[in-house]
Amino acid sequence: MSDPEVRSALRVAVHRIAIVAGVFCAVLAGLLWHNGIQLHRADESFRLVDSEKLVGLKQQLAADPGDADLKDRIRTLDQDLRLEYFRRQSFATRGGFTLLGGGLAFIVALHLARHLRGPRVPVFSAKPEDRMRSAQVAAKAVGGTLIVLTGLTAAMVGGRTRQWQAAPAVGGDLPEPAPTVNEAWWPEPEEWAAQWPCFRGPGGMGVATVDKLPAGWNGETGEGILWKTAIPLPGENSPVVWEDRIYLSGATEDERAIYGIDATTGRILWSAPVSTPQGSRFDPPAVMEETGFAAPTAVTDGRRVIAIFANGEIVGVGTDGSPLWARHLGEADNLYGHANSLAMWRDLVIVVYDRGGAEDGLSRILALDAATGETRWSTDRPVPASWVSPMVIEHEGQPQILTAANPWIIAYDPADGSELWKVKAMSGDVAPSPAYHDGVAYFTNTGACLIAVKVDGRGDVTDSHVLWKRDEDDYPDICSLLCDGPRVYTVVYGRLFAYDAQSGDQVWEHDLEDDFQASPVLVNGRLWLLTMEGETIIGDVDAEGFHEVARHPLGEEIGATPAFGPGRIYLRGREHLYAIGGDEG
Amino acid sequence: MRILLLLALLALPALGIERFPPPDFSGGHQIPETVVPASQARTQAWIDVAALSLGLLLASWISLRLRSRKGLVILSLVALAYFGFWRRGCVCAIGSVQNVALGLADPGYAVPLAVIAFFSLPLLTALIWGRSFCAGVCPHGAIQDLVLVRPLKVPHWLDQPLRLLPWIYLTLAVLLAATGGMFLICKYDPFVGIFRMGGPRTMLLVGGVLLVLSMFVGRPYCRWLCPYGALLGLLSRVSRFRPSVTPDHCSQCRLCENACPYGAIHLPTRTPTAPADDRDARLRTLSLLVLVPLAAVLFGWLGGKVGLVSVAWHPTGELAGQVAMADAGTLPEPAPDEITAWRQSGADRTSLNTAVAVLEERSLTLGRILGAIFGVAAALHLIRVAFPRPTADYETDAADCVSCARCFSSCPYERQRLGLPTDIPGGSHV
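So the protein lines, in turn, are chains A and B. So the first sequence is numbered by the working numbering: it starts at 1 and just counts up by one. So the second sequence is numbered by the working numbering: it starts at 1 and just counts up by one.
By construction, these hints were calculated from the structure, which means they are not laboratory data. Source: prediction; values computed, not measured. The C-beta atom is built at its ideal place from N, Cα and C for all residues, glycine as well. Possibly wrong hints are sitting among the right ones.
What the hints assert, rightly or not - What follows is a set of in silico ranges between Cβ atoms, one per label pair, in the way DEER data are often shown:
{"no.": "1", "chain 1": "A", "residue 1": "Arg114", "chain 2": "B", "residue 2": "Ile74", "range": "12 to 22 Å"}
{"no.": "2", "chain 1": "A", "residue 1": "Arg16", "chain 2": "B", "residue 2": "Ile339", "range": "57 to 67 Å"}
{"no.": "3", "chain 1": "A", "residue 1": "Pro232", "chain 2": "B", "residue 2": "Gln344", "range": "20 to 30 Å"}
{"no.": "4", "chain 1": "B", "residue 1": "Ile74", "chain 2": "A", "residue 2": "Gly101", "range": "18 to 28 Å"}
I would like the entire structure built from these sequences, with the hints used as guidance.
Pasting the structure below:
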């Protein structure tokens, strides 16, 4: 082998072998490729049992079962197809091994040719490569790659929505939902006023104006009931309404959901299940049965719906139920279960999240971006757990969030969460929501007081801006206050009280002999009171007293405050949502 | 010629054979009941472990003591024949990473002892003798090494960024395996299709392309994709023994400069008499203190995001997504079998949502941890590239050298040791 001529001749021979092996492999590969395509077609388009020709023949046989000739043709075709399949399969197996052998010969021949050629004479550059310079260039390349990689990954995963949380829609022709808004946007004040967007309606005032009030209704007989829809999950929260859509939430220990309902038919258009990793980490909170896991009322601005649950999960969805954002505000520490309803100011969702004792420092009020759920501001509150829903008012151009807890009544600036004024007056487990009229806010709680505070103060106004304060009567433990201008109303253990809004003097007292949990509402100037048994008591109020006009049974227990839409009343019973409408009564 | 070869390898998908539907018997023939073959004997698994152990010891001995390229080629051929074509690429050390990850994350999953052995023995060997596994035992490395006929040098600036890919692959593979999503490495193994003479067309195609590439670029899969190689490189960095180009002394002859097809030989950073640069050492320390924690936090955050997205690749997440689409009426008909099976099981949406929520939480946490680990690895790689360890001689890279023994024969001192004719610059130092 040392003879150069022999080596050269061998090298040429090996080269030729390599060429032949390469050509052989290429041709064989081409044939195998073609065969593979045919096999694929045999398995997909021309599969035996579904072969178009075979199926056609079988159909003919079905029409004429006695045709022996047709049977023979089917058998022959079936056998041909099978033989063809196995022939190609066998070719693929044998061809694969042959290709492997050919490839091996090709590689061995190339290696041998290289060996016979002898080692290459190394070619060096005049100067060795500068390793440090090369390292610097490589380091820049690595750094640049990492930056690009980070950017690309962030871009790819940043905009991905988790489709498994998408809301299922009920089939059928659905009305077009209002488009969801994912940016800073909020309705005009008149739009807010025309809807029922939050607990107790526009501004949380508990005042409604409804055209064409029904003459009456009876849930048991169906009289005056437009529709009745079972809500899958229980909840003490009230419906909120925006045009032709109703939104409410429901929850049990294990499940949480927001529902979108067609106001015309009562059909549940979508159900958005709620689940966050953080929420699933904690055990379900201990709640009172009367409170449940979905006591807070949701809010909507007609483009987004936001709901909070007893376990601290708060979720924003679009009006079609599509998930926008979900957060967990921390483990709930609440004796009866979280019940503070949400409020909205512009594009901010106002959340009072009072927890534990005052010394725990857990309580806070937050403003979340309605589109993204991000915290715009958060202010700590020096109070223990409370159950009062915040109320957003405006006085002399200054918007204020009114809150109450033990012992502080505090007003915040919704723009930045700063305290505007506060009064030390409350005690106990504060639950009734406030009322407001013409520069004066009213607060109460059982065992504490009924107090009227002028809202134009700043700082601690306990000694300067309290218009009046009473502490000698019984006061509500759940039902919210209501003010119609001249009088403030409280509902306490089946009795209705009226107080003079300016002086605080008790004007009259009326015994209704019923239990109440829902907050009273003023509808077209008349006072509506919903008993826990489900009866709506309607009456006129004046300086002389309460003059009952009508009682309408629902036939189902009620804990939630009613909601109103154009010509409609929406009552949420323990299990159903009712729409009431009809002729004016 | 190259085109013809490329065509030949592209044809490998043709070997993929699929089953056809059972025949439509009209004569009353009953299709025999499917018989499940008996499980593989445990002895086979232990034979594999014994073969692996023997291979690792032999590879270490051949590369470090015998310093024989021929010996390693023979061992590679045997390993390729046994672990590759005979055992069909399974079990393999590369894929065992996933079993171990799942075993650590899921107490209900028992990792077979043989798989643990396949995972740990090559790593243990790397800790002592460097990447002997890659040198002569791994069938993936062997098949690439054996087809390398015309190695081209890959520029350092391209080689080093590409070496980040194995860490990315490893991070994703562990994330998906530990959450029970899928065994990514097995699913996209490029060479198993060739070992088994069949498989998904994509797998065969990628394997064919990599083999063609391997004819001109040394071990592209090992260098720029292999997730197990990332771990081996990490451990071999601190190995007790490792291959050196010269058996005793570097004469700076530069003959080994082009010998390594894997870019694993370091050129000297300074002349033997020049003092070390303290400035680089200070910069290196500063970079370690700043860059490593920063990268850990950044990629930890990013890993969490990727973890959440990865739920969609998990069977449970995929099912939940399909259920949501089906409920919304956006899932094309006919509904996938998974949906039908789920509906027939009587399971409710709540339990599915709960399962997804738990999965999300696990993926988020694991994604953050793995992302942070990747960040640390990437930062260390960057620092290692930017501030190479000062060397006066031509040396093998502790992490990247696969102990293939190619460089030995280029060294005059090695040739002198072997009794081959040589011309040592400056005379013999022996």
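How the hints compare with the structure:
Checked against the given bound of 12 to 22 Å, the beta carbons of arginine 114 (chain A) and isoleucine 74 (chain B), roughly 18 Å apart, stay inside it. For the hinted restraint 57 to 67 Å between arginine 16 (chain A) and isoleucine 339 (chain B), the CB-CB distance of approximately 60 Å keeps it satisfied. For proline 232 (chain A) and glutamine 344 (chain B), the Cβ-Cβ distance of about 22 Å falls inside the hinted range of 20 to 30 Å, so the restraint holds. A hinted range of 18 to 28 Å for the beta carbons of isoleucine 74 (chain B) and glycine 101 (chain A) is consistent with their spacing of about 20 Å.
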